[in-house]
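Using the sequences and the hints, build the whole thing.
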Amino acid sequence: MIFSELYSAYYNTVANVLKAAVDHPLQKGELRSIIEKNAFGESVLNIEPALVEGRWPLIRPDGRAAIGHTPTLPLTNLQKSWLKAIRLDPRIRLFGEELPDYPDVQPLFRPEDILVFDRYADGDPYEEEAYIRTFRLILYAIRNRCPLSVSAVNRKGGRMFRRLMPDYLEYSEKDDKFRLIGSGCRYGGTVNLGRIETCELYTKPFEIRSEEQPQPEIRKVVFELIDRRNALERVLLHFAHFEKQAEKLEDDRYRVAIFYDRDDETEMVIRILSFGPMVRVVSPQRFVELIKERLIGQKSCGQ
Amino acid sequence: MAYSELIKNFNRIRDYMREFYIYGFKSRDGFTKKSARSYDDERRRAESWLGDYMRFRQTPEGKTVFLSIDSRVSRHNPLYTAWKTKSFTDGDITLHFLLFDILCTPDVALSLNEITERLDEALRLFQSPRLFDESTVRKKLKEYVSEGIVTAEKRGKGVYYRRAASSAFCDADLLDFFSEVAPCGVIGSFLLDKLGAHDEVFAFKHHYITGALDSEILCALFAAMREKRYVTLETLNRRRDRTLEDRVLPLRVMISVQNGRQYLMAYTPRFRRIASFRTDSILSVKPDGESRDFDFFREKLDGMLPHMWGVSTQGTSGQRMEHVEFTVHYADDETYIHRRLEREKRCGTVKRLDDNTSRFSADVFDASEVVPWIRTFICRITDISFSDPKLEAQFKSDVEEMYRLYGLEGGERE
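Residue numbers (our numbering), protein chains in the order written: chain L, 4 to 306; chain Y, 101 to 514.
Hints in this document: simulated from the structure, not taken from any laboratory. Warning: the hint list may mix true and false statements.
[Claimed, not checked] Taking lysine-lysine and the DSSO-like style, the derived pairs with C-alpha atoms no more than 30 Å apart in a straight line are:
| id | chain 1 | residue 1 | chain 2 | residue 2 |
| --- | --- | --- | --- | --- |
| 1 | Y | LYS163 | Y | LYS108 |
| 2 | Y | LYS240 | Y | LYS257 |
| 3 | L | LYS223 | L | LYS295 |
| 4 | L | LYS295 | L | LYS159 |
| 5 | L | LYS159 | Y | LYS305 |
| 6 | Y | LYS445 | L | LYS180 |
| 7 | Y | LYS496 | Y | LYS451 |
| 8 | L | LYS22 | Y | LYS163 |
| 9 | L | LYS159 | L | LYS180 |
| 10 | L | LYS22 | L | LYS177 |
| 11 | Y | LYS257 | L | LYS40 |
| 12 | L | LYS207 | L | LYS223 |
| 13 | L | LYS177 | Y | LYS400 |
| 14 | L | LYS180 | Y | LYS305 |
| 15 | L | LYS302 | Y | LYS490 |
| 16 | Y | LYS445 | L | LYS177 |
| 17 | Y | LYS451 | L | LYS180 |
| 18 | Y | LYS305 | L | LYS177 |
| 19 | L | LYS295 | Y | LYS240 |
| 20 | Y | LYS257 | Y | LYS242 |
| 21 | L | LYS40 | Y | LYS108 |
| 22 | Y | LYS240 | L | LYS22 |
| 23 | Y | LYS163 | L | LYS251 |
| 24 | Y | LYS126 | L | LYS223 |
| 25 | Y | LYS451 | Y | LYS490 |
| 26 | L | LYS177 | Y | LYS496 |
| 27 | Y | LYS257 | Y | LYS108 |
| 28 | L | LYS223 | L | LYS302 |
| 29 | L | LYS223 | L | LYS251 |
| 30 | Y | LYS445 | L | LYS159 |
| 31 | Y | LYS445 | Y | LYS386 |
| 32 | Y | LYS451 | L | LYS302 |
[Said to hold, decoys possible] Listed next, with one range per pair, are the computed distances between beta-carbon atoms:
| id | chain 1 | residue 1 | chain 2 | residue 2 | range |
| --- | --- | --- | --- | --- | --- |
| 33 | L | LEU48 | Y | PRO406 | 56 to 66 Å |
| 34 | Y | GLN419 | L | PRO106 | 42 to 52 Å |
| 35 | Y | ARG443 | L | ASN147 | 30 to 40 Å |
| 36 | Y | PRO406 | L | PRO287 | 23 to 33 Å |
All C-beta atoms, glycine included, are put in the ideal place defined by N, C-alpha and C.
Below you can see the structure in the form of structure tokens.
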């Protein structure tokens with residue numbers, strides 16, 4: 004069972020309370036601060052009195068734990084079977100960690116039990132040794148704040164060089180690709196891992212100037228949609244991963260505002276076009292013009 | 101019943117979380133299906149669990165509540181929180197921590213009687229404590245044996261219990277990644293909770309998070325596939341607002357990374373065909389008898405995949421197979437369009453006709469599923485045809501309607 008108190012925020016919070024109370028008698032305010040850090044907004048109203056009043060007799064009146072050992076829990080069958088399932092995922096090799104076999108459980112699912120049917124076909128080569136080496140080096144560099152010197156093939160087939168401080172890796176499930184996002188690089192700090200030819204730690208002094216920190220430029224597009232052919236649900240699900248606002252205008256008409264990164268504008272244009280006449284962009288005018296350009300282009304194709 | 105931050109039944113909150121996150125425009129009155137009090141309770145819970153993501157807006161219909169999450173910024177799926185809210189009794193939590201303190205290592209093996217005595221001893225420290233009888237302790241131990249965290253071993257007439265051996269824990273990076281991209285990733289999130297705070301190195305783009313709410317349904321479907329077993333699905337038809345029951349043989353879970361929907365592909369004896377069921381419409385999964393035909397139907401599904409653009413196995417034209425093809429023209433500096441066709445097509449073929457022209461064609465069960473993708477090439481489609489004339493007419497009239505929407509009808513630029 005996934006929905007079990009064993010995995011609940013309350014059990015985890017009480018485990019953290021007990022961990023502290025096994026170590027030392029809880030100080031005034033310490034109980035509350037552990038609860039606030041680990042549980043939900045209103046949890047303190049439940050957990051604190053339950054422990055203090057002895058409804059959960061786990062903390063003695065003097066603040067010491069009623070147990071003698073720091074609370075720990077073995078992995079459940081569910082956890083082991085999930086780990087056993089991801090062990091079968093080809094991307095597991097990127098991490099260089101050999102997961103145990105967990106012989107007492109079956110994998111929760113096998114690769115043949117699932118199919119991602121609309122992922123792009125040119126995903127990263129997760130099983131190539133050179134790719135794996137680069138991935139692990141980047142992970143190491145992010146963890147240890149080491150600058151990197153990277154050469155890669157750009158979109159037009161030319162070669163590009165970057166010296167950057169790696170900040171994090173961004174993975175797109177649709178593209179099935181990783182991108183390295185870094186800072187301190189004058190020409191943009193984003194490099195597709197699949198395009199990297201060489202990647203090395205940069206050992207000379209490296210300084211990040213504040214103006215070179217990547218700052219995403221968030222833009223907003225507003226469109227109206229008419230709920231025909233289940234468009235409302237399709238549109239809102241499709242754009243669900245963005246920050247957005249939706250409001251109802253009339254019975255079957257809605258207005259939706261989506262906030263997106265400027266770099267993804269072309270992608271936004273074609274994603275909106277995919278909904279055909281169910282969606283009409285109303286602002287900004289610049290975005291309206293982008294849609295109109297495409298439609299004018301289509302008219303000239305004669306279809 | 102008095103309000104509680106925790107819940108007993110996950111299905112109660114599943115629909116509300118979906119409404120708050122996907123739609124987010126309904127006011128209190130808009131939640132007509134449930135009582136106003138139920139709405140108040142669920143809204144308060146969501147606020148308590150996901151306070152940082154809750155937003156409010158005042159509209160003429162009243163205050164609307166919605167969850168606003170940019171999944172590219174949020175490093176972990178906030179909806180996993182809902183799975184960490186199961187209610188329990190005072191006895192459950194007390195027993196839990198005392199039991200695992202008594203069974204502090206796998207070397208300690210104790211009988212039920214010995215465990216109960218030690219529990220009494222631990223509780224004696226408190227004034228008028230609640231003591232646990234043997235049957236309550238036995239029941240809890242049995243539950244933990246089935247979860248795999250306690251083992252029971254028969255010695256003579258007695259049963260001895262011990263904590264299960266601890267397994268090595270995994271790397272946080274690995275869990276950070278797979279908890280977001282693997283099915284039932286919430287289980288990875290449970291493991292991360294044990295690791296505590298750490299710097300996260302992954303962010304996710306095009307990351308759909310609502311599938312998290314169907315995790316338990318998925319688990320039950322995977323179990324059925326593992327056991328090659330029929331199940332009875334209870335599904336909700338949202339449009340007609342009614343529930344249905346269907347006996348089906350689960351074959352595969354199909355996942356979309358372009359809209360976040362998850363589907364079960366299953367053989368349905370009632371219609372004698374393989375059909376799809378959206379997992380967010382499945383309310384419950386009850387295991388039924390084993391099937392000897394599982395491998396046969398899965399192979400059949402494999403054979404159908406080259407003709408499935410999405411999950412539909414039947415179009416509306418009445419033809420078993422529908423044909424679709426379209427041609428695109430691009431400029432000399434737009435040869436990436438051909439690569440786009442190759443990369444994004446899920447079935448069918450792409451042929452390069454000359455340096456500036458490519459054609460896609462496919463025979464699929466349901467050509468209407470291809471239409472949204474074709475529209476993304478608007479501005480360069482020079483030719484298009486569907487074997488279903490109605491679908492072709494609709495595609496063309498939709499494009500005409502788009503011209504009208506943007507004031508481009510009649511060939512005049514606005």
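These are the hints, each one checked on the structure:
About 28 Å separates the Cα atoms of Y:LYS163 and Y:LYS108, which keeps this hinted pair within 30 Å; it holds. A C-alpha spacing of about 20 Å is found between Y:LYS240 and Y:LYS257, which places the hinted pair at or below 30 Å, so the restraint holds. Between L:LYS223 and L:LYS295 the alpha-carbon distance is near 18 Å, which keeps this suggested pair within the 30 Å criterion. Pair hint L:LYS295 plus L:LYS159 holds up; C-alpha atoms about 27 Å apart against a cutoff of 30 Å.
Proposed proximity of L:LYS159 and Y:LYS305 is supported: the alpha carbons are some 23 Å apart, at most 30 Å. In summary, the hint linking Y:LYS445 to L:LYS180 is supported, as the alpha carbons are separated by about 17 Å, within the 30 Å threshold. Between Y:LYS496 and Y:LYS451 the alpha-carbon distance is near 23 Å, which keeps this suggested pair within the 30 Å criterion. With a CA separation close to 42 Å, the supplied pair L:LYS22 and Y:LYS163 exceeds the 30 Å bound.
Taking the CA atoms of L:LYS159 and L:LYS180, the gap is near 18 Å; set against the 30 Å cutoff, the hint holds. Annotation: proposed proximity of L:LYS22 to L:LYS177 is violated, straight-line Cα distance about 42 Å (limit 30 Å). Our distance criterion of 30 Å between C-alpha atoms is broken by Y:LYS257 and L:LYS40, whose separation comes to about 47 Å. In summary, the hint linking L:LYS207 to L:LYS223 is not supported, as the alpha carbons are separated by about 41 Å, beyond the 30 Å threshold.
About 27 Å separates the Cα atoms of L:LYS177 and Y:LYS400, which keeps this hinted pair within 30 Å; it holds. With a C-alpha separation of about 10 Å, the suggested pair L:LYS180 and Y:LYS305 falls inside the 30 Å cut-off, and the hint holds. For the given pair, L:LYS302 sits about 21 Å from Y:LYS490 by alpha-carbon distance, which is consistent with the 30 Å threshold. Between the alpha carbons of Y:LYS445 and L:LYS177 the distance comes to roughly 13 Å, so the proposed pair stays at or under 30 Å and holds.
Annotation: proposed proximity of Y:LYS451 to L:LYS180 holds, straight-line Cα distance about 25 Å (limit 30 Å). For the hint pairing Y:LYS305 with L:LYS177, the CA-to-CA distance comes to about 8 Å; that is within 30 Å, so the pair holds. Under the criterion of a C-alpha separation no larger than 30 Å, the hint pairing L:LYS295 with Y:LYS240 is inconsistent with the structure, at around 66 Å. A threshold of 30 Å between alpha carbons decides the hint, and for Y:LYS257 with Y:LYS242 the separation of about 17 Å falls inside it, so the pair holds.
For the hint pairing L:LYS40 with Y:LYS108, the CA-to-CA distance comes to about 24 Å; that is within 30 Å, so the pair holds. In summary, the hint linking Y:LYS240 to L:LYS22 is supported, as the alpha carbons are separated by about 23 Å, within the 30 Å threshold. The hinted pair formed by Y:LYS163 and L:LYS251 meets the criterion: a straight-line CA distance of about 13 Å does not exceed 30 Å. Of the pairs offered as hints, the one joining Y:LYS126 and L:LYS223 holds, with about 22 Å between alpha carbons and a cut-off of 30 Å not exceeded.
Proposed proximity of Y:LYS451 and Y:LYS490 is supported: the alpha carbons are some 26 Å apart, at most 30 Å. Distance check on the hinted pair: L:LYS177 and Y:LYS496 sit about 28 Å apart at the alpha-carbon level, within 30 Å; holds. Taking the CA atoms of Y:LYS257 and Y:LYS108, the gap is about 37 Å. The hint is violated against a cut of 30 Å. Taking the CA atoms of L:LYS223 and L:LYS302, the gap is about 27 Å. The hint holds against a cut of 30 Å.
Of the supplied pair hints, the one linking L:LYS223 and L:LYS251 holds, its CA atoms being roughly 18 Å apart against a limit of 30 Å. With a C-alpha separation of about 22 Å, the suggested pair Y:LYS445 and L:LYS159 falls inside the 30 Å cut-off, and the hint holds. Straight-line distance between C-alpha atoms of Y:LYS445 and Y:LYS386 comes to about 36 Å, which puts the hinted pair past the 30 Å bound. Pair hint Y:LYS451 plus L:LYS302 holds up; C-alpha atoms about 24 Å apart against a cutoff of 30 Å.
At about 57 Å, the CB distance of L:LEU48 to Y:PRO406 agrees with the hint of 56 to 66 Å. With their beta carbons about 50 Å apart, Y:GLN419 and L:PRO106 fall inside the hinted range of 42 to 52 Å. Our hint of 30 to 40 Å for Y:ARG443 and L:ASN147 holds, since their Cβ atoms are close to 35 Å apart. For Y:PRO406 and L:PRO287, the hinted distance range of 23 to 33 Å is not satisfied, since their beta carbons lie about 43 Å from each other.
Checked against the numbered hints listed earlier, the structure breaks hints 8, 10, 11, 12, 19, 27, 31, 36; every other hint is satisfied.
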